[in-house]
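There are 6 protein chains.
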Amino acid sequence: MGFHIHTSCRGIAVALLFAGFSTAASSQTTQERLQRGEAVIKSLNKGAPQPALERMRQEFPFLAEATEAYALGDVWSRPNLDNRTRQLAAVAAFAAMGEPAFMKIHAGYALNIGVSEDELKEVIYMVTVPAGFPRAIAASQALSQLLAERRAALSQQPGGTPP
Amino acid sequence: MGFHIHTSCRGIAVALLFAGFSTAASSQTTQERLQRGEAVIKSLNKGAPQPALERMRQEFPFLAEATEAYALGDVWSRPNLDNRTRQLAAVAAFAAMGEPAFMKIHAGYALNIGVSEDELKEVIYMVTVPAGFPRAIAASQALSQLLAERRAALSQQPGGTPP
Amino acid sequence: MGFHIHTSCRGIAVALLFAGFSTAASSQTTQERLQRGEAVIKSLNKGAPQPALERMRQEFPFLAEATEAYALGDVWSRPNLDNRTRQLAAVAAFAAMGEPAFMKIHAGYALNIGVSEDELKEVIYMVTVPAGFPRAIAASQALSQLLAERRAALSQQPGGTPP
Amino acid sequence: MGFHIHTSCRGIAVALLFAGFSTAASSQTTQERLQRGEAVIKSLNKGAPQPALERMRQEFPFLAEATEAYALGDVWSRPNLDNRTRQLAAVAAFAAMGEPAFMKIHAGYALNIGVSEDELKEVIYMVTVPAGFPRAIAASQALSQLLAERRAALSQQPGGTPP
Amino acid sequence: MGFHIHTSCRGIAVALLFAGFSTAASSQTTQERLQRGEAVIKSLNKGAPQPALERMRQEFPFLAEATEAYALGDVWSRPNLDNRTRQLAAVAAFAAMGEPAFMKIHAGYALNIGVSEDELKEVIYMVTVPAGFPRAIAASQALSQLLAERRAALSQQPGGTPP
Amino acid sequence: MGFHIHTSCRGIAVALLFAGFSTAASSQTTQERLQRGEAVIKSLNKGAPQPALERMRQEFPFLAEATEAYALGDVWSRPNLDNRTRQLAAVAAFAAMGEPAFMKIHAGYALNIGVSEDELKEVIYMVTVPAGFPRAIAASQALSQLLAERRAALSQQPGGTPP
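These protein sequences, in sequence, are chains A, B, C, D, E and F. The C-terminal residue of the first sequence carries number 163 in the working numbering, and the numbering is unbroken. The C-terminal residue of the second sequence carries number 163 in the working numbering, and the numbering is unbroken. The C-terminal residue of the third sequence carries number 163 in the working numbering, and the numbering is unbroken. The C-terminal residue of the fourth sequence carries number 163 in the working numbering, and the numbering is unbroken. The C-terminal residue of the fifth sequence carries number 163 in the working numbering, and the numbering is unbroken. The C-terminal residue of the sixth sequence carries number 163 in the working numbering, and the numbering is unbroken.
Derived from the structure by calculation, the hints contain no laboratory data. There is no bait here: all hints are sound.
30 Å max Cα-Cα, derived DSS-like pairs, lysine-lysine: (1) A:Lys104 / E:Lys104; (2) C:Lys104 / B:Lys104; (3) A:Lys104 / A:Lys46; (4) D:Lys104 / D:Lys42; (5) B:Lys104 / B:Lys42; (6) F:Lys104 / B:Lys104; (7) A:Lys42 / A:Lys104; (8) F:Lys104 / F:Lys46; (9) E:Lys104 / E:Lys42; (10) C:Lys104 / C:Lys42; (11) A:Lys104 / D:Lys104; (12) F:Lys104 / C:Lys104; (13) F:Lys104 / F:Lys42; (14) B:Lys104 / A:Lys104; (15) B:Lys46 / B:Lys104; (16) E:Lys104 / E:Lys46; (17) D:Lys104 / E:Lys104; (18) C:Lys104 / E:Lys104; (19) F:Lys104 / D:Lys104.
The calculated label-pair distances, taken between Cβ atoms and stated as ranges, are: (20) F:Ala48 / C:Pro49: 39 to 45 Å; (21) D:Ser144 / B:Ala153: 49 to 55 Å; (22) A:Glu54 / E:Gln31: 47 to 53 Å; (23) C:Pro49 / B:Glu59: 27 to 33 Å; (24) A:Glu54 / E:Arg57: 34 to 40 Å; (25) B:Ala153 / F:Asn80: 47 to 53 Å; (26) C:Ser155 / A:Ser144: 51 to 57 Å; (27) B:Gly47 / F:Ala152: 45 to 51 Å; (28) B:Lys46 / C:Asn80: 53 to 59 Å.
Yeah, the Cβ is synthetic: ideal placement off N, Cα and C, and Gly gets one too.
Kindly generate the complete structure, drawing on both the sequences and the hints.
Structure, rendered in structure tokens:
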């Protein structure tokens, strides 16, 4: 797991250099913000593009751009908060709002950057307090599905063995 | 700030010993869960009881008990997730649901156990993505109010100087 | 308390006769639906008009009319569910949605038609399960406020003594 | 597209005459409100009844009646706001609340009365601001599905060619 | 139907005796709370365990425990409110929050303990007022599905005839 | 009122020229996006800065920047949807989500760019259908407050007479 953390940190560091993060924020171009967003998604998604984002580019190019430049490029690449905590806080917010499909995507990112299954479960359990049991239970079901998919994908790899 | 972390960790550790956390969970009495909840609230609230919880005891004793035994005693004292991350995830959930008053209470707890103002601001900024700008802006206003209150309280103490 | 139930039931019965409920529903005029809504509000509000509804008539006559003809005249006067259960279900829905001000109004109606304070408290406590603790706690605070106002009003009446 | 606008406007005009809209609102019968609602649904749905509404008539006749007489007959047929703006505002509200299935139905109505695909996409993009990215993205996916279905239906018509 | 009411009431009474409800609440162990929760679920679910709860025990044992000990054992077994009213209020809350799947589960419990189909329909119709038409319509569709499933299950029993 | 429309349209046109909207979107700098956002807020707010936004700049500079560069500069300045429709759709979304304070701000902008009071009232009335009566009533109260404040401000101007 430590390996993933290192990879993703390096990916972000490289991307930030490339996107010229050192220049004043206000002189950044949207092209640079998009590149930073692309680097963030790759660091969160094991180097692969995000399927739902790619589908959006066809019919909703400006919504896809906002997701990439703003949500990922501006928000998700902010300093001052480590990536694991931001991901767990996002998981809590998606679960509390009753958005289990989005929670599932971000729980996958969280696992990719080294968050443990147990930490995700604790955050989902905590959601019973601010948002009630249905939202927490729906989130737990989405996480169970995610974990099963990842185990299935792992066991299909040559030499892959489930943990 | 590190001082607060240590205090609170010690407080929880002492409480858990006292409440017999080492015994099997299912043999715990509600009395023990209430004691653990009380220890949690004191560790989060600088040793003081939580005013809203105390008011609830009069007319809603069972809701107050559920808050103390379940929300604080069962959920907030869980292992496997550090207290700072749980608090930041809770802040994200309260903000995303449009509950700025509850977010403010938990942001205060977060500050008490060593979360920085910057970390809280990053979580609130992140809330624009899952929940939109009104919820994030309302949370930012509640946090500004909290920070002002804490500065005012600090400057009224003998010898107190705002940071 | 039984006195209130009888009064309100009689009030509704008289109103329904007056509004011609026995005619086929589809031949009712909006005038008749408004009269039935007015009878419902009087039976729920101790014979007095509802202040917020009256204020709405000035600038939002059609929203006031929809509230009176549809919400009160059509929905609240339906048979097949006793009025106390409908009121408690409405209190649960308003509390779960995070609308404590509307919950407070309907909790007052519930008390007026004979629902006990304890029943209201149990419904609010139950709301922790579907909707989490902030919504239930906010509802408990609105109910405490309502009960205090009613006690204050009662003690100001000549010969009035709080229960 | 202009063709649809004209048809629908004429449909509403005829229906209003038929339903006696010129008489005082309070003397309207529910029968007249239902007829107006039926005319509205036909003008929005290319002359066809709304399948989900028809299914509701069996087990939930009073909910179906409320939808037809109140939501469609009272609200959707109001003057003072053109139908296209009301439809776009409704699309925004359904999307912001996390109800993509209902948004899809009303986006279809909007297209039927001459709203352009681009206008719908702009409203959905705007939803990121009040309600966050998940709600806007879910709405964009529902709209993409709707547009694909309409293209498929069009290409299956004899002589039909997708735009 | 009266049969179900009696069974469930007796089931709860027996369970409460068994769980030692007469002892002071604060000396209850979590084991006792879990047993009370199990008795509640059996009384609501015709003696059978709840499938979704059972699945949760594998990966989310503490969320399953909280559901059983807190939601069912503490909240659902409270005195002062009859079980039918609590169930109808819960149905209203789940429907108003946009959680039709959870509403369906609790509507099934409600039918099992003697609530009539008509009462459930009236509560769902009422939800249009606090929460709007999409939430009420989605709830009506979930209830229609539940009723169809129950009729299908009944007609497959030897000698079973739909009502 | 036509005067305001013209002014605001011209303001936006000038700003877009200034911000170089004609260049490819991806080469825009954040500085340019901020300038466009500033032009949008001035065109919506009668040339004055938005007080809540200004307060945010102190403690939440990046949230203020996101509001100005993304919400106003990117979303609110989009072509393909006229500004009045976007404003009315935003009013519907804020009202439906239970955010009357934000709805009030945007209703003020809508009035400033020529939307009529009647159009705002129709949108708020329509909100009963997707979101229920409490959200629509709360929005109607916020609008009434806004209209009273604007009348009071107008009558305090030298020579000012309320309409």
